[in-house]
Amino acid sequence: MYFYGMGYVRQAKSFYIFYVKIFFPALALSALMGFIGASNSASTYFNYVGIAIILITPLMHYLTYELRSNNEYFFYFNQGLSKTRLWILSCLTSFLIGLLFLLV
Amino acid sequence: MSKLHVDSVIKNYGHRKILSDIYLECYQGEVIGLLGRDGSGKSTLLEIIFGSKDAESKFVKVGDQIIGNVCDGSRFIKYLPQNSFLPNQLTAARIISEFSDEINARLIAETPSIKPMLSKKCSQLSGGEKRLLEIYLIVCSNAKYVLIDEPFNGIAPIYKEVIKDLIKQQSDNKGFIITDHDYRNILDVSTRIILLHEGNIKNINQIDELERWGYIPTSSPSLS
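Chains as they are written, first to last, in the numbering used here: chain A, 1 to 104; chain B, 1001 to 1224.
Here chain A stands alone, though its shape is the one from the complex (with noise of 0.2 Å):
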């Protein structure tokens, strides 16, 4: 039982270290569309950023993983993590964040 949820945070350990490198690019990129999608009110600014996150984090996602750095997988492999795994929870983590901006 300690075995298997030493396992887990581990790997909630390592997806975040998978997911650090896609997002902050990606805000970063969310924060300026927002800036040009919404210019004239905040709480607009705030909807395109949210918008924008769950759009392009998947976006960085494939440019990061799947095009520039597709070995970096085993690492998470190693992990117990597979793509599938992976792919689904850096999805519901940019829809999660991206909804958190969509709220405000």
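Among these hints, one or two may not hold up.
[Claimed, not checked] From the derived model, a few chain B residues whose C-beta atoms are all more than 10 Å from chain A:
1) L1024
2) A1055
3) I1066
4) I1114
5) N1200
6) P1217
[As the list claims (entries may be wrong)] Using 30 Å as the maximum straight-line C-alpha spacing, the simulated DSBU-like pairs for lysine-lysine come out as follows:
7) B:K1061 <-> B:K1017
8) B:K1164 <-> B:K1120
9) B:K1115 <-> A:K21
10) B:K1053 <-> A:K21
11) A:K13 <-> B:K1061
Hints were generated in silico from the structure; no laboratory data involved.
Cβ atoms here follow ideal geometry from the backbone N, Cα and C, with glycine treated the same way.
Given chain A, work out where chain B should sit, using these hints.
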């Protein structure tokens, strides 16, 4: 003791059959040297066993646990791919602590050849340093079986000896399947040699069998 059981592995690339009904067993304490020409399917076989590559057919089991994909297998099997897999943005120390448990992390971090790398980001390490770090991470893991693809590639001769000693030392409680074109080092470290030839596994007992299958030229060192 839980053995690694690999059976019925079939893999095609288009119309070309790469692996044709492969059967393989590996026990803890065993170091299997997997040899084969370029494009014979060595890396493909290791990836299929690990679970990161699909096959037309496969059956992989460690003890009673059937391994379908990396989610099932990573607790039992670790895999070192041919090319570097470390996240470049992290320091070596962070990578070690994230990848390994506390005991193994301490063991790796205190290794003289790894110590100077600890504070460096992975992107600052040379190809050989990265490879050495990766080998330590994979070999000094809690997995029962370790699959290693080209461990001696890009490694300085002095570290090749270190790697061989490490594998021999860790093979007390692990099983290894290792492939590399540096077949002399593979012969040194292996307890059993197999050759992948035209999609089939050939058990090799004598060096002249490698010659007969056209893997090496004549006048090569004898099997230990």
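**Q.** Non-conforming hints, listed in increasing numerical order
**A.** none
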